[in-house]
Every structure is written in C-alpha cells, then in structure tokens.
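*Asks:* What follows is the residue order along each chain.
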Amino acid sequence: MNISIPKQKLLKYLSYTDTIASSKSTVPVLSNVLIDVSQDAICFCSSNLETGIKIQDKVASKEDGAVAVNGRKLLSIIRELPEEDVVFVSDENNRLTIRSSSKDINAEFTIAGLPKDDFPDINTQPEEEYVVLNPKVFKEMIRKVIFSVSNDENKYSLTGVFLEKNNGDLSMVGTDGKRLSLVSKKQKELGISKEDFFVPYDGVIIPRIVLIEVAKYQFEDEMLYMGFSKNQIFFKYDNINLVSNLIEGKFPDYKKIIPTDRERFFTAKRSLLYSAIKRVSILVEESYNQIRLKLTKERLSVSSQNPALGGAIEDIPVVYGDEDIEIAVNYIYLSDCLKEIGSDTVKIDFEDSERVLTVQGEAEVGYTNLIMPMKGGT
Amino acid sequence: MEKRTDINRRRTILHVDMDAFYAAVEQLDNPEYRKRPVVVGADPAGGRGRGVVSAASYEARRFGIRSAQPISRAYHLCPGAVFLKPRFGRYTELSKKVMAVLDEFSPLVEQISIDEAFIDCTGTERIFESGERIAKEIKGRIMDETGLTASVGVASNKSVAKIASELGKPDGLTICPPGGEREFLERLPLRYLWGAGKKTIERLARMGVESIGDVAARGEEALEREFKKSGRSLWLLANGVDERPVVCTHRRKSISEEITFFPDTRDTMFIEKVLFEISDRLTRRMRRFGIAGRTVTLKIRLEDFTTFSRSKTLPHAVRDMKTVRALATELFRAFYDGEKRVRLVGIGVSNLEQQEQLELFSEDTPRDAERLFDAMKEKYGDKITRGSFL
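Protein sequence lines correspond, in order, to chains A and B.
In terms of numbering that gives the first Met the number 0, the first sequence has 75 at position 76, counting the first letter as 1, and numbering is strictly consecutive.
In terms of numbering that gives the first Met the number 0, the second sequence has 233 at position 234, counting the first letter as 1, and numbering is strictly consecutive.
You may find that some hints are simply not true.
Think about it this way: if two alpha-carbon atoms lie no more than 25 Å apart in a straight line, the pair counts; the simulated PhoX-like pairs of lysine-lysine are [stated by the list, open to error]:
1. A:11 <-> A:215
2. B:298 <-> A:374
3. B:298 <-> B:198
4. A:185 <-> A:23
5. A:23 <-> A:215
6. A:374 <-> B:321
7. A:374 <-> B:198
8. A:277 <-> A:346
9. A:185 <-> A:235
10. B:298 <-> B:311
11. A:154 <-> B:96
12. A:115 <-> A:72
By construction, these hints were calculated from the structure, which means they are not laboratory data.
In this text the structure is predicted, and so the values were computed from the model without any measurement.
Sequences and hints are given; from them, build the entire structure.
*Replies:* Here is the structure:
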C-alpha cells in the first residue's frame, strides 16, 4: 500500500477502531487494526469477536495492500505528527512505514504488522431491514442509562443495556443490581417511521461498549441506522458500520421492582441538590461513597463522614412535610442520575430507609432512576 | 458518648435470656435428645478433646457440666451425654426470630449476644399494661415463634433485670419492683453481681464479703479505697443503681475466629493453611452481618500457653477473604520463629463499620463470586472448600 491521508481523519478512524480491538484476545491479530486499501478505497476494521467495526473512505491509492497493526502505537505516532497528510507505505513483509507529508520534519516510523488473512470478516448486513433513527434522541437515551450498566463480568446479563419495544415506545434499561435507569421514548420522537419496527424477542441486551461508541459519534448527519439479525445488532452512520453480538441471557424483571404506590416523597431544585451532593461528597469515605440524606420539615441535610478526614454537611430547602427520616446512599448513584435529569425540579420518593428510592424529574416524562440505599453506617 | 439518663425518670427494662440456647435448639430439632443431657461444643474425642463446652442442657447441668468448661471435663462428668458440634447457622436463624419478636414490643432493643437482649419498655407499659404483662407476652410469642423457652427479668435498670432473669431460670419470669432493688439483691451471692469480674469477686471474698448486700453495706468510700474508680460503680451496682441506657443498635466492636490445634504444631505450612480457613469463615460471617473492619489481629498461643497478638490497621475497612488472609499470614510470618510449638491461632477484625449496599433484585440477580460461595456453604456446609494456592 502507498497512500496519503489527512491526519484528522486518520485520528478519528483509528481511535474508533482501536477501542473495539481487544487487548486481551488470544488471537493476536485481533489486538490490531486492519488497514485495507484496494481500488481507491480504504477500510479500517477491528473486532473483538463480539463486536466489530468497519469504517470506509475514499483514498487516492498509488498501490493497493493490507496490513494489521497495533492501533494504539499507530495513534500515538500520528498524534505527534504535524497537521499535514500522513503517508502510509506497506511492504510484502507486513511492515507499515509512516511519514508526514510535511516538509518540516523527516521522521520515519516502521511498525511490524500481521497479514490480513487471519482477520475476521465484518458483516454489515442485518437480516432485517435497517430503520432510521434520530441520532440526537437516541444518544440522549444512551446517556441517560449507560452509567447504571454493570462492569462486573460475573453479572453478564447486566453488562449491557436492555433495549425493549413496548407498544409504540422504545425503552432502554441499565442496571448493576443496585441502581437502575429506565428511559422510554415514543417511536415517533425517535423518528422511526416504520409501523412494525422489529426488535428480536421484543427485547435485547446490547453490550455496553457498542452504545458507548455510538454515543461518541459526532452526528452531523441526521441519520442513524439500526438493524437486527436474530442475535446481532447493527448500526450504520455515515461511513461507519458497527456490528455486535447481543448478550445472551435473561435481563431481570425490572418492571416488578418499580414502586407504583408511593406516598412519601420530597421535591428539590435539581441544581441545588446536585451541587450540594458534589460539595459534601468531597469528604466521603471512598470505599463506601456514602452520604446521608436527612429529611425534616421543608429541609434536607446532606452529610458525609470520613473517620480519617472529617466530614461535611449542607442543608438545602426542599418540599417535604412527612415524618423525619434519614437515608444513606452511594452519592455517585444520585449525582449520576441528577446530571441527566432534564427538569429543574426533581422528585424523590421512598418508603423507608431500606427500600428503593425513585428519582425523577418533576416535569420529565419517561425517565426514572431507582436507587437502593445503604444499610447502617457511621 | 454515654448519656446519663434522667434519674427521676423511672424505666422499665426487660432482660430476655434464652434457656440453654444451643442445647435447647438441638433438643427442639432432635426430639430423641429431649430429657437427655446434651452438650454442645468441641469434639470430646473420648475425653481427650481440647475445646470447651458452648452450652449444656439443664439435664447435663445436673452432672455439673457448665458452659466454658473444658470439653474433656464435661466428658468425664457425663460420658453418656449427647455431645454435639454447634450449628451456628441454625442458632442464628432462631436468634433472628427471637429478636424479631422483641422488636415488636419496643423500638429500644439491645442484643448483647446470640441469645440475650435488653428491651427498654419505658412508656410502652401503658400499651401493654405492665412490665409483667409484657414479659408474659414476650415469653408466649417466643414459644409460638420458635418452640423455645426464655427467662425474663423485669426491673428498673439493666443490671438488676439481668440478675432477675438469671434467678428464674429456666422458663422464668422474675420481677424486681421499682424501689425494691436493694432488698432484691441483698441476699444474693456475689457471683450474681453483673459487671463484677472473677478477680473482683475473689478480692471481695478475701475482704469477707459474701453477698451483694455485704458490698452495699461496705459503703462507697471503703470500696473506692480498695478498687479505685471501679469501687464506686461496684457500690452503685450492689445498691441496684445502674444508669446505663439500653443502646438501640447493638454495635459489635470486633469479630473473631480461632482454632486450637491437636496436637500442638510447628508446621508453618499447616498453620498457614488453617489461617486461610479461618479467614474464609470469618469473612463469610462478616459479609453475613454486613460488617467490615479496618484492623486485622492475629492471635497466637504457644505450647506454654503464652499468648500473643499482632495487628495491622488499614486505611479502609475490609471484609474480603484475600485481604484478611494476606494480612494474617504476613503477621504470622513476621512473628513466628518456629521455636515453640503453636497451640492456637485466631484472627480478629476490629474497628468495625456496618455499611452495606442493598440490592435491587434480592432473589434473582447473580451475586458476586464471594456471595455465591457463601450461599453454597450455607447450603452444603464446610464440605465446600475454596481452592488453596499454597
């Protein structure tokens, strides 16, 4: 291969592909990014066997060729080069030589790569037709639930977002077993025109990384395509194709734990509560992240305690007229969802200090967060 | 921390103590052991056993068997008794039921061990009429819930209530009327004085003091001369005065497990393997109680009965097996020189914190590996073991 390609484009394509490349794979070629040039087209691919990405673009090719190289190193090199186009030349021994087309420097890098042959093919064609989504609304949905998704591989079915179709709505649910975020949008709001838009089994679990990637894309174009095969999900945006296996497993019956008949609640100004938590949490004990919420008439006192450091307390006005109560929670759970609530006033309802809290924006429909409190504490 | 209670405020304190709890549970679960002497504790190993008696049924007590006695002694006193290994899981289960019953009667319940608790019923008498009525109700509810008997003492303070429950055992209900504390205690032998240790009692006996009434009669000053600061509290207790409040949330200060070797050993590989087992059991209990601690202490007793402890404090509380085991092993290696044989090792965790994140899906979510493992052990017992990487 012998090509010349703008630096900024390269940076973007390489960073998207490198995140998907698996660092821990037993198949060495999979930790690499495949760069494939043929007939004036360039293609960047990576895969971790669960999720794959393919980005295509046009390029003026003096010579075709393909090589799989370490994406992270390549990125580091390109970041250090001047803004001018970058020149890639590969040889028959799978070595990639990198140069800048700038006259100012004459640095040359050579990376030993692997042949294209072992690289898995990335299928970009779903069995079911692609539907068009409004990317802004879809990204907003991801942002509103992604922080609740579990990182714990032992809870495999919780390591993804549950995407569910009910009636005319599309919902996303993320949970780590201790908190849960649920967002629902009307099919219409998402710009899904199709009447009987298809989601396998009416609900699927999408790996976290796939949605994190989709949320990263800067959508200038108003078209995001989503499609399904039986056990795969496909996204297409501009020249990027993302495909992933769905997580097989049973998502917990989350509807069952959403309280419906709550009588005790308080409302607070979202920004006031959020910044009070942010300040008070500076002194939490890090292994627990516990803050205490003490409610008295029309007042909420947020406090933290750290046996080694000290503690903090801040009072804010709230609307509350019920009995005094104290509830301990992980402050991260609260601040994460307060950040995403799109309403000036938040409503938090509860039953006692050991049952689930529901956090909602007072004027926001279709977004609910559930948080389990902590027991005991100082 | 300790708040002095308003002395003019008359309190109603109950002390509830389960009768020969572990042994009674065994007799409850195994009808064939009823009416027979039952000893729960270490393996008597035909009279050569090395542990102690954890509990003895009233039938066994007739042979002179007492809890905390060496198991070998118990065996010699009554070789025909039913000797059983404790089943803490089951005792805890029933203990929880008992405590749940107590919670129905007052918000102020202070559990002091698996089988006893104080309840402050001040103010609830109006609802339940009198201390006596509450005590009867409680005994009945405990019998309904568990099939076990409890002895209850009713008094105006903790110390007297505790003594009262002791007096009526088993299945007793003893009431000390308010104002009658001093008379109530007067003739009782010193060993009933709760809060007075073995050494204090020995010293008092040497002073010619035989009954609690004698202590009271000595006067505050004489006792202060003899016992310094603790003299005054001794005098107050003997007069039936005890202002200690019932502290609602019982907070334990430490949790520990230990094992006595048989025979004594200097095999460090073996000892470290035992430390591993102890860490596992201990941290499992900690997770069950929802507690974590910052200080890990290694206890070690050598063949000549000299006992040492070494500890290390961490910046944060822990309750995972790996950390506790690593610290205990590190402390052991730093301490032990292999010269004398080791009789006993134990691990304790203190500086405890009770903080637990509650779960949304309590039954059907897969827990993390440690929790899953705990559940397996609960179900299958100690037959399940972790792989040891020694």
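*Asks:* All hints are to be evaluated individually against the structure, with a verdict given for each.
*Replies:* Hint by hint, here is what the structure shows:
Of the pairs offered as hints, the one joining residue 11 of chain A and residue 215 of chain A holds, with about 11 Å between alpha carbons and a cut-off of 25 Å not exceeded. For the given pair, residue 298 of chain B sits about 31 Å from residue 374 of chain A by alpha-carbon distance, which is inconsistent with the 25 Å threshold. For a cut-off of 25 Å, the pair hint linking residue 298 of chain B to residue 198 of chain B stands: about 24 Å separates their Cα positions. Distance hint between residue 185 of chain A and residue 23 of chain A is unfulfilled; the C-alpha atoms sit about 39 Å from each other, more than 25 Å.
Among the hinted pairs, residue 23 of chain A with residue 215 of chain A is consistent with the structure: their alpha-carbon atoms are about 23 Å apart, no more than 25 Å. Restraint check for residue 374 of chain A and residue 321 of chain B: the C-alpha separation of about 24 Å stays at or below 25 Å, so the hint holds. Taking the CA atoms of residue 374 of chain A and residue 198 of chain B, the gap is near 40 Å; set against the 25 Å cutoff, the hint is violated. Simply put, residue 277 of chain A and residue 346 of chain A have alpha-carbon atoms about 18 Å apart, close enough for the 25 Å limit, and the pair holds.
Taken as a hint, the residue 185 of chain A and residue 235 of chain A pair is honoured in the structure, with Cα atoms around 21 Å apart against an allowance of 25 Å. For the hint linking residue 298 of chain B to residue 311 of chain B, the alpha-carbon distance of about 12 Å falls within 25 Å, and the restraint holds. Simply put, residue 154 of chain A and residue 96 of chain B have alpha-carbon atoms about 32 Å apart, too far for the 25 Å limit, and the pair is violated. This hinted pair checks out: residue 115 of chain A and residue 72 of chain A have alpha carbons roughly 18 Å apart, not beyond 25 Å.
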